[in-house]
Amino acid sequence: MDLRSQYERELKYYQYVEEQRENYVTLAEDNSSVRLFADFLFSKKIDDLGGHLSGLLFDDGIELLDAFCMLLEIVLYGFDKFDKNIFELDDQCDDFIYDIKKYLRSMGFDMSIDEVFHFLDNVNLFADKNDYYCQITPKPHPFFCTNDWFVSNHRLVINRNFVSTDTSLNQYYAYFVSKSKKIFSIRFILLI
9 MDLRSQYERE LKYYQYVEEQ RENYVTLAED NSSVRLFADF LFSKKIDDLG
59 GHLSGLLFDD GIELLDAFCM LLEIVLYGFD KFDKNIFELD DQCDDFIYDI
109 KKYLRSMGFD MSIDEVFHFL DNVNLFADKN DYYCQITPKP HPFFCTNDWF
159 VSNHRLVINR NFVSTDTSLN QYYAYFVSKS KKIFSIRFIL LI
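Each residue of the sequence shown is one higher than the one before, counting from 9 in our numbering.
Calculated from the structure, these hints are not laboratory results.
Mixed in with the good hints there might be a few duds.
Straight line, CA to CA, 30 Å or less: simulated DSBU-like cross-link-like pairs of lysine-lysine [stated by the list, open to error]:
#1 Lys137 - Lys52
#2 Lys109 - Lys20
#3 Lys52 - Lys20
#4 Lys187 - Lys147
#5 Lys109 - Lys53
#6 Lys89 - Lys20
#7 Lys92 - Lys137
#8 Lys20 - Lys110
#9 Lys137 - Lys147
#10 Lys190 - Lys147
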């Protein structure tokens, strides 16, 4: 990499940091529009799903990061709606995962939940990576809750080292550690 391209890359990163500093978004408040959409979506039977429901929530000018966050919230609300616990997932081929995928496909998106095998010795080392957007953890006791991002009974811890410039939707991913100490990653793919 020559010095000019390295300088341009660093300049782009600093511009991104300044934009984030000036236009920060607080994720501590619950987003009622996403919750209402998730309730609407998951109240339908799988056989009655329409073709392209994403127009109800997304518009053409939406940022990829916002789309990823909304999709992640919708999936977590879906787990709660059907009384499932994401941390009890033992296999990426669970039948419930396929049901959630059908709902997401009606919105024009697909979801990939994959087990991460290369951190089997110490799952805590996965948090040191810088290529994931957020970690999903159980919501702590209210005494320990600070201004974080909460969705139902989940706390989403944002990776401060993640750089989201020039990133496509399928490069954003969240991860969680199940009760059986398996690491799973969640990604979304645009089908349209």
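Hint by hint, here is what the structure shows:
1. Lys137 - Lys52: violated (38 Å)
2. Lys109 - Lys20: Roughly 35 Å separates the two Cα atoms, so the pair is violated.
3. Lys52 - Lys20: violated (44 Å)
4. Lys187 - Lys147: Status holds; Cα separation ~14 Å.
5. Lys109 - Lys53: Holds - the C-alpha atoms of lysine 53 and lysine 109 are around 13 Å apart, at most 30 Å.
6. Lys89 - Lys20: violated (41 Å)
7. Lys92 - Lys137: Between lysine 92 and lysine 137 the Cα gap is close to 28 Å, so the pair holds against 30 Å.
8. Lys20 - Lys110: violated (38 Å)
9. Lys137 - Lys147: Holds. Lysine 137 to lysine 147 sits at ~22 Å (cutoff 30 Å).
10. Lys190 - Lys147: holds (19 Å)
Going down the numbered hints, you'll see the structure goes against 1, 2, 3, 6, 8, while the others check out.
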